[in-house]
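J.: One-letter residues, chain by chain:
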Amino acid sequence: MTLLRHLAAAVGVAVILGVASVMLGAYRDYQMAEVAAYVVAVAGLSLLIGLSGQISIGNGAFMAIGGYASALLLLHLGWPLEVVFVAATVIAAVAGAVFGIAAARLRGPYLAGATLMLAVALPSIAIQYPGVFGGDQGLPVTITTPAFLGATFPPTRWLAWLTCAAALIALILLANLGHSRIGRSWRALRDDEVAAALAGLNVARLQVLAFVISAACAGLGGALLAVVSGIVAPGAYTLTLSIALLTATVVGGLGTLPGALWGSLLLVLVPSYLTNVAASHGLSGAASSSVPIAVYGVVLILVMLVFPTGIQGALRRLFGSASPAVGAPLSVWRRHTSASEHQEEGTT
Amino acid sequence: MKKVRRVNLAALAGIAAVSMVVAGCSSGGSGSSSSGSSSSPLTASAPGITKTQILIGSHQPLTGVAAPGYDEIAPASNAYFQYVNAHGGIYGRKIVYKYLNDQYDPTITSTVVHQLVLQDSVYAIYNGLGTPTHLAVAPYLNAQKVPDVFVASGCECWNSPSKWPDTFGWQLDYIREGKILGNYIKQHFKGKKIGYFYQDDEFGQDGVKGLDMEIPKSMVVARESYNPTVTNVAPQVTALKAAGAQVVVSFSVPAFTALLRLISLKLSYSPQLVVSNVGSDPITLAGLLEAFAKKGGATVSGNQLTQGIITDGYLPSLGSTSSSWIKLFQKIHAKYLPKLPLDGNVAYGLAAGYTFVQAMLKAGRNPTRQDLINAINGGLPQGPAVAPYAYSSTDHNGVTGAYIAVIKNGALVQTGPIQVTDTSPGGAITTYSTAQPAAPASGIPSP
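Keeping their order, the protein sequence lines are chains H and Y. So the first sequence is numbered by the working numbering: it starts at 1 and just counts up by one. So the second sequence is numbered by the working numbering: it starts at 1001 and just counts up by one.
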């Protein structure tokens, strides 16, 4: 039932996005594709932090794995794009499993530290082996618009369709996972590990699973981003990216899928908007290049001060109490705290 | 009892889509017409061209590792465009130059160039800076048929007319530069041990390719490369010292030339430095040397440390104040860029801007994008550079020659004749004795 509802909703979204992609200009399509790429990675991280209660500062590294995997597969094997996306997801998931199992004993800040190492170290592998990974310059990722769409079909619209479709599929799966027995188990161990273990949950296995899924999401996000930007280069996957993902997760609203969307929108739209503002106000040289970065920081601080539960939390507070009909639909992966609800879900 | 748990993703996406629309709207504009005669009215003949303006874009490292020095180039080009705009513009149209910061990061380059092409609908991408960065967007620009003119990088890769018909280099390419520097080293440092220090990408590799065409392999005792994201180059400098290199040839950006110099100093290692033009601007270097040393708690004199560095130049040296080009640069600099020093980077930006105006005037009153490409393919007359351009339909390289120079008291001093060559291993290096045409009195090229 849940699956059907999610599918129906996804079809609705797909129609809206399809219409939007035609009505909006080429650059908005391009941004839509960027948002789609980020939203997958951010949703994965949101699941890891918000649902299973673990922290990763290294998901940028898994995006790098997904990005490089898809670039190499396209370049050397010429696989079809959909297969490449699946393969990139699987490869990142495997990497996540290896790292997740190794880090399974780490908690809280220690896990964060270990993942931080990953974010710092992994991109330099690409620089160490320029023969395979193209060094600093990276690898080109070129895709062609399918012939059946016609020669005049805007390539950015195809890009938007492709990435939005992939993102929607990933989000449906995540939404279902969050509602499943596994999702409930994650919440249980997030709230109290000891109690969860006493209730018979395999804490270590569940935590590794959450880590693997978030890595897989980052991998797919990385693959999508590679296709969007047309290049994979180590400069894109620095610690800054990992921090940006974390920022988007927290500012958007931890542990919610809509929050991941808000966070990704912020990530893509705010910097480009600020760059334009700085440029159009004729700020000179160093000022115009630093202002967007500074203002972005201020925006983030303000959001966290005003809405400590993130944008999604604020929306829920604004609309949730006044009219549940609006608030409830927005709350995929809502926190379930009442005992009766747990019981009820357990029996369905 | 089942609670309402519908996932109204549709409403969500609707809001998302609306917020995108609100955040801005796309700009279109296309259509083409052939360039008209001198009396024809001005039309919006191509994307980015209206009756009153020509909008061009660029990606530049305004912050980050490549920013010191290079962040002056785009403002300098813009200063030249303002000068042209104030003196009648291009057939009456004003040039509007929008350059965005890519932090020398290829992925950001991709994003900002998409923004310039798709959102701003620029007529052309002009002087996009950097080899690794511009390589990320050259295929895209060519696929979209956006003129990609006068890339601010000497990579020989821009000269691929069959693969990238819309891309043109501008400055002396690194292969020619490597050959000219290599030839000088071969003649003046006979029997000395040579070491290479180069950026590990197409920039450094092209330079080394050119050097190897001239310097016998037996003379080269060490080949050390660096990565621009790793600022510790002590291992490389130690290796150069251990190999006993008496002459170190450096294909590096200014920050890494400065690091090379400072670490050599620390290791009491003082080889003769021969530095590529892009990494040797004396004013930029002196500033970096002093800043880096200060960070390390030391005080150095920048000009003292750059003294004696051998390099090459393809624009008239800033010290030759009798040159009509330098006089023009000084005039525009004083009026439009008083805050920046008149250094090699500013001269570069002004000269590249001049070349763009040359090409735009040649492209006609109402140019399509293809008209600009055709204009450059037809060749451009020699401008501010000391040697002619290579431009033709089969050659998209820019300047073809340079002179050897030595840094003395913080300024370049030309020490040899102007030499021109090609990019082939056997291609001769010949002296170019034709005098450089003077700058037009108006400061603006004639159509």
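FYI, nobody ran anything at the bench for these hints, they're computed from the structure. Some hints here could point you the wrong way.
To give a feel for the contact side, a few chain H residues facing chain Y, derived at Cβ under 7 angstroms [to be verified]:
1) Y30
2) I231
3) A236
4) L239
Virtual Cβ for every residue (Gly too), placed ideally from N, Cα, C.
J.: If a hint holds in the structure, say so; if it does not, say that too.
T.: We went through each hint and held it up to the structure:
1. Y30: Holds. Min distance 5 angstroms.
2. I231: holds, 4 angstroms
3. A236: holds, 3 angstroms
4. L239: Violated: closest Cβ of chain Y sits about 12 angstroms from L239/H, beyond 7 angstroms.
Comparing the model with each numbered hint stated earlier shows that hint 4 is the single one that does not hold.
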